[in-house]
Amino acid sequence: MKSYREELWFETKTRRAYLNITPLVEAAVKKSGVKEGLVLVNAMHITASVYINDDEPGLLKDYDDFLDRMAPQQATYRHNETGEDNGDAHIKRQLMGREVLVAITAGRLDFGPWEQIFYGEFDGRRRKRVLVKVIGE
Amino acid sequence: MKSYREELWFETKTRRAYLNITPLVEAAVKKSGVKEGLVLVNAMHITASVYINDDEPGLLKDYDDFLDRMAPQQATYRHNETGEDNGDAHIKRQLMGREVLVAITAGRLDFGPWEQIFYGEFDGRRRKRVLVKVIGE
Amino acid sequence: MKSYREELWFETKTRRAYLNITPLVEAAVKKSGVKEGLVLVNAMHITASVYINDDEPGLLKDYDDFLDRMAPQQATYRHNETGEDNGDAHIKRQLMGREVLVAITAGRLDFGPWEQIFYGEFDGRRRKRVLVKVIGE
Numbered sequence: 000m001k002s003y004r005e006e007l008w009f010e011t012k013t014r015r016a017y018l019n020i021t022p023l024v025e026a027a028v029k030k031s032g033v034k035e036g037l038v039l040v041n042a043m044h045i046t047a048s049v050y051i052n053d054d055e056p057g058l059l060k061d062y063d064d065f066l067d068r069m070a071p072q073q074a075t076y077r078h079n080e081t082g083e084d085n086g087d088a089h090i091k092r093q094l095m096g097r098e099v100l101v102a103i104t105a106g107r108l109d110f111g112p113w114e115q116i117f118y119g120e121f122d123g124r125r126r127k128r129v130l131v132k133v134i135g136e
Numbered sequence: 000m001k002s003y004r005e006e007l008w009f010e011t012k013t014r015r016a017y018l019n020i021t022p023l024v025e026a027a028v029k030k031s032g033v034k035e036g037l038v039l040v041n042a043m044h045i046t047a048s049v050y051i052n053d054d055e056p057g058l059l060k061d062y063d064d065f066l067d068r069m070a071p072q073q074a075t076y077r078h079n080e081t082g083e084d085n086g087d088a089h090i091k092r093q094l095m096g097r098e099v100l101v102a103i104t105a106g107r108l109d110f111g112p113w114e115q116i117f118y119g120e121f122d123g124r125r126r127k128r129v130l131v132k133v134i135g136e
Numbered sequence: 000m001k002s003y004r005e006e007l008w009f010e011t012k013t014r015r016a017y018l019n020i021t022p023l024v025e026a027a028v029k030k031s032g033v034k035e036g037l038v039l040v041n042a043m044h045i046t047a048s049v050y051i052n053d054d055e056p057g058l059l060k061d062y063d064d065f066l067d068r069m070a071p072q073q074a075t076y077r078h079n080e081t082g083e084d085n086g087d088a089h090i091k092r093q094l095m096g097r098e099v100l101v102a103i104t105a106g107r108l109d110f111g112p113w114e115q116i117f118y119g120e121f122d123g124r125r126r127k128r129v130l131v132k133v134i135g136e
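Protein chains in written order, with numbering that gives the first Met the number 0: chain A, 0 to 136; chain B, 0 to 136; chain C, 0 to 136.
So that you can see chain A by itself, here it is in the shape it has in the complex (with noise of 0.2 Å):
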């Protein structure tokens, strides 16, 4: 079994943003050299997501007015009692999924006609991490 790690960074300009990461992603299963295996693609910070779905600007914008209606920035939160001001960005997260999991078959992602790998940013303008982990021979 070969096994393989890399981490993706990232800053965004602004407090929330959606990055397709489809190439750096494919970049580390060819690094990897697993032919048969599985990528977990998974964001390292709690306030951050990494979800799949169509790279279509429109459907960001979707998205981002779902999670601010769901769980709206300037809402009160508990959380931000100890200082913080991310209370939202912790539950926007958990409605997108902290990670993913990728089938690699014959060294490719096996994705479906639209599948694209997204970072979903929440509480950004700071350095953060997905960690990319290949398993499979």
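It should be emphasised that the hints constitute simulated quantities derived from the structure, not laboratory data. Take these hints with a grain of salt, some might be off.
Since the list gives no way to pick out one identical chain from another, each pair is judged satisfied if it fits inside one copy or across any two copies.
Unchecked claim - Taking lysine-lysine pairs in the DSS-like style, the calculated list, with each CA pair at most 25 Å apart, reads:
1. K1 <-> K30
2. K29 <-> K1
3. K12 <-> K34
4. K1 <-> K34
5. K12 <-> K60
Based on these hints, arrange chains B and C on the given structure of chain A.
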């Protein structure tokens, strides 16, 4: 390490539908010959989910009501300005998730008493796929 | 390839509860002897979640408030017509997710600075299980 891959195809008669696919996943695990490992089951389309919960008709209706309350089919979505009409389905899928990962122990799905694997379709009436990927020994 | 399986049992005193189970998962990984691989941690019951976020009391209260706002315990659910009273718990569990998958690197959980694994119970006061499945080398 063994690996095995299978696609499951569905074409629901209704726009939204919830199908118990547990027997199909069990059959794939048996075909794989894997006794100890993991099976990933994921929607290959971005307006559908794979999730695990109970096979109880009232609950399926509760989920459907909840999802259409959170992201009503008839609401306005920027994604629909592209000519699509499935903006709601992209949000419903995120709430229910893309994938499940199930342990395989002694050649079987290692499940609690009520766990069943469902395909959640939010924009159906066309042929769509689920990926089953097994790895282990 | 090595594999290891362990069940963690919980019986919460309250209907809803959020338990940090990170040390229990770390201990299972150590017992497995796996140095490079993956650990799956999933609720074996369908009214409970395993998720990763911060161990901060205000945040746990924010999650609980959010979940009961999305799916109030006292609302009407078709599922409850079967004689159950946990229709809300099946929805809360979907919002927080069934499972997490964590990379194992050099024999340890490969975590960012604040990641902690939680058992989220939404219909407690009875014995329920979490599955820990480790695979790797």
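Verification of the supplied hints:
1. With identical chains, the CA atoms of K1 and K30 are at most 25 Å apart both within one copy (11 Å) and between copies (21 Å).
2. When the C-alpha separation of K29 and K1 is checked against a cutoff of 25 Å, the pair qualifies both within a copy, at 13 Å, and between copies, at 20 Å.
3. Taking the shortest alpha-carbon separations for K12 and K34, neither the intra-copy value of 36 Å nor the inter-copy value of 37 Å comes in at or below 25 Å.
4. For the identical chains of this complex, K1 and K34 are neighbours both inside a copy (10 Å) and across copies (12 Å), given an alpha-carbon limit of 25 Å.
5. For the homomeric pair K12 and K60, the shortest alpha-carbon distance inside one copy (17 Å) is at most 25 Å, but the shortest distance between copies (30 Å) is not.
Hint compliance for this structure: hint 3 alone is broken.
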